[in-house]
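Peer 1: Produce the entire structure from the sequences given, and follow the hints as far as they go.
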Amino acid sequence: MDGATLSPRERQLLAALEAELRVDVELDLRLRTMRHHRFRALLGPPCRALLALAAAVTGTARLAGAALVATAAHTVRPSAGGPGCRNPHLP
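Start counting the sequence shown at 1; every next residue gets the next number (our numbering).
Source of the hints: derived by calculation from the structure; they are not laboratory data. Values in this document were obtained by computation on a predicted structure and should not be read as measured data. Treat the hints with caution; some may be incorrect.
[Said to hold, decoys possible] Distance ranges between label pairs, derived from CB positions:
(1) P46 with R22: 37 to 43 angstroms
(2) A4 with V25: 22 to 28 angstroms
(3) A49 with D28: 34 to 40 angstroms
(4) E26 with R48: 44 to 50 angstroms
(5) V25 with T5: 25 to 31 angstroms
(6) A15 with L53: 25 to 31 angstroms
(7) L50 with L17: 46 to 52 angstroms
(8) L53 with T33: 47 to 53 angstroms
(9) R9 with C47: 54 to 60 angstroms
(10) R48 with R11: 41 to 47 angstroms
(11) L6 with L27: 51 to 57 angstroms
Glycine included, C-beta positions come from ideal geometry on N, C-alpha and C.
Peer 2: Spelled out as structure tokens, the structure:
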């Protein structure tokens with residue numbers, strides 16, 4: 001943070017914090033490497049399960065849609081004439 005857009009009070013607080021971090025190397029390291037493991041541990045498995053469920057549902061829907069189209073194409077074929085054809089214009 002460069003501090004260019006900070007108020008004079010905020011710049012003063014930032015300078016004090018930077019001075020403290022120069023002295024307390026352990027605190028500086030902890031703040032720089034801080035991770036949100038709690039949130040990842042809590043939200044990770046449910047999110048993965050929901051994504052897997054959504055993928056399975058959309059995959060099933062896609063498969064069901066393809067089966068429906070294939071079935072409809074097989075059963076609703078246009079008649080091309082033949083022995084049972086009643087259209088006089090077809091051979």
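Peer 1: Now tell me if each hint is right for this structure.
Peer 2: The hints, checked one at a time:
At roughly 42 angstroms, the beta-carbon separation of P46 and R22 lies within the given 37 to 43 angstroms, and the hint holds. Judged by the Cβ atoms, the range 22 to 28 angstroms given for A4 and V25 holds: they are separated by roughly 27 angstroms. Checked against the given bound of 34 to 40 angstroms, the beta carbons of A49 and D28, roughly 38 angstroms apart, stay inside it. Distance hint check for E26 and R48: the Cβ-Cβ separation is about 34 angstroms, which falls outside the suggested range of 44 to 50 angstroms.
In this structure, V25 and T5 meet the distance hint of 25 to 31 angstroms, their C-beta atoms being roughly 28 angstroms apart. For the pair A15 and L53, the supplied restraint of 25 to 31 angstroms is violated, since their beta-carbon distance comes to about 51 angstroms. Against the hinted window of 46 to 52 angstroms, the Cβ-Cβ separation of L50 and L17 comes to about 39 angstroms, which falls outside the hint. Look at L53 against T33: about 34 angstroms separates their beta carbons, and that is not inside 47 to 53 angstroms.
In this structure the supplied range 54 to 60 angstroms is violated for R9 paired with C47, their Cβ-Cβ distance being about 40 angstroms. For the pair R48 and R11, the beta carbons lie near 44 angstroms from each other, so the given range of 41 to 47 angstroms is met. As the Cβ distance of L6 to L27 is approximately 21 angstroms, the hint placing it in 51 to 57 angstroms is violated.
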